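A.B. asks: Sequence:
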Amino acid sequence: MEEAFAKLDIRKPENIVYKRTDLLVDRPLSYCPGCGHGVANRILMETIEEMGIQDKTIGISPVGCSVLAYDFMNIDMLGAAHGRAPALATAIKRLWPDHFVFTYQGDGDLAAIGTAETIHACNRGENITIIFINNAIYGMTGGQMAPTTLEGMRTATCPYGRDVKIMGNPLKITELISQLPGTYFVTRQSVHTPVNARRAKKAIRMAMENQKLNKGVSFVEIVSNCNSGWKMTPNQANKWMEENMFPFYPLGDLKVDGKLVEKK
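Be aware that the sequence shown starts at -13, since it is given in the numbering used here, and climbs by one per residue.
Take the hints with a grain of salt, since some may be wrong.
[Claimed, not checked] Calculated lysine-lysine pairs in the DSS-like style (CA-CA distance at most 27 Å, straight line):
#	residue 1	residue 2
1	42	158
2	188	225
3	201	158
4	188	245
5	187	201
6	151	187
7	225	158
8	249	225
[Claimed, not checked] Simulated restraints on C-beta separations:
#	residue 1	residue 2	range
9	38	184	16 to 26 Å
10	219	184	22 to 32 Å
11	247	102	19 to 29 Å
These are calculated hints, taken from the structure and not from any lab test. The model shown is predicted, which means the values in this text are computed figures rather than measured ones. Each residue gets a CB set at the ideal place from its N, CA and C atoms; glycine is no exception.
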């Protein structure tokens, strides 16, 4: 076996198992180690490269951890004010309808300060793709409670846990927008295992391909961890996510081809 590996020339194309996409800038990611953002960035850029649309793709990243995306994505990127990415994406897509336009947003951005922009872009049926990273916390600004923070979950601003009597219920924004007539494809995925990352990549591919159909918004939520904000190791955070986040935010398609998916 050792002799076989010794003779293996990894420089030959037929022996390459994985190659870094050229659409990721060759620099260390500044996301916290163990965070799902890095994997989400990779599969998004791999998808765009495989589709061969890098010269006709424009991404918008707003404030929060997602703002770092333009440091790593080697495509045309624009920064938006906090929560305003869907509005900016709307303008770009209407000006250049032949381009592929996506937003890359966190839950504090998309489901809090940007709720209005999200809801109205989805209700209008703008022909864009929205990538939504949900880690149930404000990651960049210190770990405060977000709209998606679970009941009983501790954060910097609810150190004893979210009390729904005082702070309200967690917002299932993805279920909410799936009911709007302007959404064509709505799904919830994760990237914490290789299998889940492949499923998420397939969903992103479909969301980008859908722009050719001009049928409305394609919305991909990716449930992720925030081991720094959750005060856990990456392994602990992934386990906690599986045990607590997934029951409340179940993975799977919510809407396909403009039709709601019936739950079994």
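A.B. asks: Now tell me if each hint is right for this structure.
C.D. replies: Hint-by-hint comparison with the structure:
For the proposed pair residue 42 and residue 158, the alpha carbon gap of about 32 Å is over 27 Å, so the pair is violated. Distance check on the hinted pair: residue 188 and residue 225 sit about 24 Å apart at the alpha-carbon level, within 27 Å; holds. For the suggested pair residue 201 and residue 158, the alpha carbons sit about 23 Å apart, so the restraint of at most 27 Å is met. Proximity of residue 188 to residue 245 is assessed by CA-CA distance (about 19 Å); at most 27 Å being required, the pair is judged to hold.
Our distance criterion of 27 Å between C-alpha atoms is met by residue 187 and residue 201, whose separation comes to about 21 Å. For a cut-off of 27 Å, the pair hint linking residue 151 to residue 187 is broken: about 38 Å separates their Cα positions. Straight-line distance between C-alpha atoms of residue 225 and residue 158 comes to about 21 Å, which keeps the hinted pair within the 27 Å bound. Distance hint between residue 249 and residue 225 is fulfilled; the C-alpha atoms sit about 25 Å from each other, no more than 27 Å.
Distance hint check for residue 38 and residue 184: the Cβ-Cβ separation is about 20 Å, which falls inside the suggested range of 16 to 26 Å. Range check, residue 219 to residue 184: Cβ separation about 24 Å, and the 22 to 32 Å hint holds. In this structure, residue 247 and residue 102 meet the distance hint of 19 to 29 Å, their C-beta atoms being roughly 26 Å apart.
The structure is inconsistent with the numbered hints 1, 6, although it conforms to all the rest.
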